[in-house]
Amino acid sequence: MKELKVHTDTMVAEPGERLAPGTSDVTRRMTLNMGPQHPSTHGVLRVVIELDGETITKAVPDIGFLHTGIEKECEVKTWHQAVTLTDRVDYLANLSNNLCYALAVEKLMGDLEIPPKAQWMRVMLVELQRIASHLVWLGTHALDLGAMTMFFYCFREREDVLRIFEMFSGQRMMTSYIRPGGLALEPPRGWQQRVRKFIDAFPSKVDEYENLLNTNPIWMQRTKGVGFISVENMLDLGVTGPMLRGAGIAWDIRKSEPYSSYDKFDFDVAVRTGNDVYARFQVRMEELRQSARIVKQALEGMPEGPWTANAPHMMLPDREKMKTQMEALIYHFKIVTEGYRVPAGEAYQAIESPRGEIGYYVVSDGTAHPWRVFMRTPSFGNLQSLPAMIEGALIADTIAAMGSMDFVLGDVDR
Amino acid sequence: MLPDPLKSNRTAAALEAFDSAAVLGGHTDRDELTLLIAPERILATCRVARNDLGFIRLSAITAVDWFPGEPRFEVVYLLHSIDHNERVRLKCRVADGQEMDSVTPVWRGANWYEREVFDMFGIRFRNHPDLRRILMPLGWEGHPMRKDYPVHGHKYSYQSDQERP
Chain H
1 MKELKVHTDT MVAEPGERLA PGTSDVTRRM TLNMGPQHPS THGVLRVVIE LDGETITKAV
61 PDIGFLHTGI EKECEVKTWH QAVTLTDRVD YLANLSNNLC YALAVEKLMG DLEIPPKAQW
121 MRVMLVELQR IASHLVWLGT HALDLGAMTM FFYCFRERED VLRIFEMFSG QRMMTSYIRP
181 GGLALEPPRG WQQRVRKFID AFPSKVDEYE NLLNTNPIWM QRTKGVGFIS VENMLDLGVT
241 GPMLRGAGIA WDIRKSEPYS SYDKFDFDVA VRTGNDVYAR FQVRMEELRQ SARIVKQALE
301 GMPEGPWTAN APHMMLPDRE KMKTQMEALI YHFKIVTEGY RVPAGEAYQA IESPRGEIGY
361 YVVSDGTAHP WRVFMRTPSF GNLQSLPAMI EGALIADTIA AMGSMDFVLG DVDR
Chain S
1 MLPDPLKSNR TAAALEAFDS AAVLGGHTDR DELTLLIAPE RILATCRVAR NDLGFIRLSA
61 ITAVDWFPGE PRFEVVYLLH SIDHNERVRL KCRVADGQEM DSVTPVWRGA NWYEREVFDM
121 FGIRFRNHPD LRRILMPLGW EGHPMRKDYP VHGHKYSYQS DQERP
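Keeping their order, the protein sequence lines are chains H and S.
Note that our numbering numbers the first sequence so that position 222 is 222, with each residue one more than the last.
Note that our numbering numbers the second sequence so that position 21 is 21, with each residue one more than the last.
Any given hint might turn out to be false.
As the list claims (entries may be wrong) - Distance condition first, Cα-Cα at most 27 Å in a straight line; then the derived BS3-like pairs of lysine-lysine:
# : chain 1 : residue 1 : chain 2 : residue 2
1 : S       : LYS91     : H       : LYS72
2 : H       : LYS58     : H       : LYS224
3 : S       : LYS147    : H       : LYS77
4 : H       : LYS72     : S       : LYS147
5 : H       : LYS264    : H       : LYS197
Source of the hints: derived by calculation from the structure; they are not laboratory data.
Chain S extracted, bound-state conformation:
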């Protein structure tokens, strides 16, 4: 459900009109629009945002680890429209081990960003064309950006990997 101040917002209202079950909430903070999206509806929502609302650019996808909070992760989609000069942030709250739908069918550029989120946080994306580690070596254990991953003193676990591309 959208809070009342957002009902007049073009983007928020259009996304809610498309699928009221997809938009779980939203707020405007420091002039930035954030919408909370149900994780299982993210692909359809992104498709509408791109095709009907003009968000042709995906700036980035990232994640935030709220450990020990639950659900643990927030996956953040930063969308931008050149024509409307507008930005919106879509957020999905997912638990550890929960899979997300890949948005690569909507923006091919999501490929590397989703790989990075998988590499750094261990969030898996369904139907991703090539979900491998991107920054860490392929044989690495653990996901470095998780809050329970130590900054110093982790076990050095690199193995030479023959299966690099």
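For reference, chain H alone in the conformation it holds in the complex:
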């Protein structure tokens, strides 16, 4: 059997080896480099694809282009400083990472009591983050598949959420607002009106988006029955989040291991059984509605009281107190110069991020610096299932399949 040899770097066939058209008894395999700079990879992911015609016979993801050594850097920061690094892991779900880190450190501290207001505020902000993250996913995913209007609509709505974050923390994306012990700052005046205005209008917009795409024949054809992967494969490969729920598994960490008073909220876990790109789309649309429901409940039932735990050795003091009270000034000095100590031990905290299970495994040796911070990121686990999903499929479906996974490369490479 004669094989056409193709140089992988230049994509030019060797001279003299061109085949006559219609030759059927010869296998023709071509290796194609998708990425690292490919618009549909949403970051720097390289997938080496082996093609038989338009069918993918083998796919090898190559990651690490965005590796910045965040876990290593956490070890030289204090517990307090490391919060800012968690923002940069998954840059579309900053507050989720803040929350997971904060919960893990609080678990290590042991005796901290987080007041209800801080817990509810955390839930509200993390759900707003889920909305913002899903909107980026929906906009870019639809753009990849040719529906350009969605992109503008989704980013318009996302901008509203980011403005709310800016109001709270002074930052649109790298918020560092949720810290071990509570919140970084007092919630700003007038946040209720701002959140209410957004959340009252939002559910009708989700309906609008869904109608817009469900009546789009190109969208339906490119998503239905595409990107199938069996449930066994998914569980075996470590897939979590909306992908798993699109395959009929009603596992959501917010329900199964409630954290930060999620058990006090009334919401449903979005589950679909289609197990294709369209089912994942439906799951995320339903999650947008459920998140809006949670935000509304948090807004209406927000408890009064303090927004940090009574732990002056962990939380930076109020600016006014720092200028008038000696103890506050001492605490400020100690936190900034040497940080606070965390009891020796280890803790694993998992939360449900927009992409799946974020887990922070933190190990302390009793000093002011983390001994080890391991981030179990959802994108890393999900991306591992890419070959199982696209091998045997058409190359055009790769774009839809990758979009439906909703990975963030910063989250994969850390």
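Position chain S relative to chain H; hints supplied.
Showing chain S alone in chain H's frame:
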């Protein structure tokens, strides 16, 4: 040997009943179960945990470097069962240069996590289908997450690698 408070724990007791030499110890800390497993028995233990105890998900594998302590590394397996809503942490203490058995026959998802542990800590896994570096460039020297690897000022040792996949 299991300490007495863990004898009534379903998972700990079942794993010890399967192979008492595999479970070297364990404790519950902050409501989290940790079991210390003999490194040479990890594959069999994981197989039992997955097939008989319902831990169908492997959340992650990672490692902790206790340099200059001995044995130097702890390899940590984070297991999760959806049906029982339960998590368990299996730990193996290994010395520098000691090889572990790969658990990819039990969970295929262990593939990338073991590659990451190899890349970052230099712990090798026997019978791994594709033990290459995953985050660092293939031609990199050293293992960045080791405690004796500097955060700043390491020798820049990147070479272009033709053998990338």
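The hints, checked one at a time:
A threshold of 27 Å between alpha carbons decides the hint, and for LYS91 (chain S) with LYS72 (chain H) the separation of about 21 Å falls inside it, so the pair holds. A C-alpha spacing of about 23 Å is found between LYS58 (chain H) and LYS224 (chain H), which places the hinted pair at or below 27 Å, so the restraint holds. A distance of roughly 14 Å separates the Cα atoms of LYS147 (chain S) and LYS77 (chain H); the hinted pair therefore holds under the 27 Å criterion. Taking the CA atoms of LYS72 (chain H) and LYS147 (chain S), the gap is about 9 Å. The hint holds against a cut of 27 Å.
Restraint check: the Cα-Cα separation between LYS264 (chain H) and LYS197 (chain H) comes to about 23 Å, which is no more than 27 Å; the hinted pair holds.
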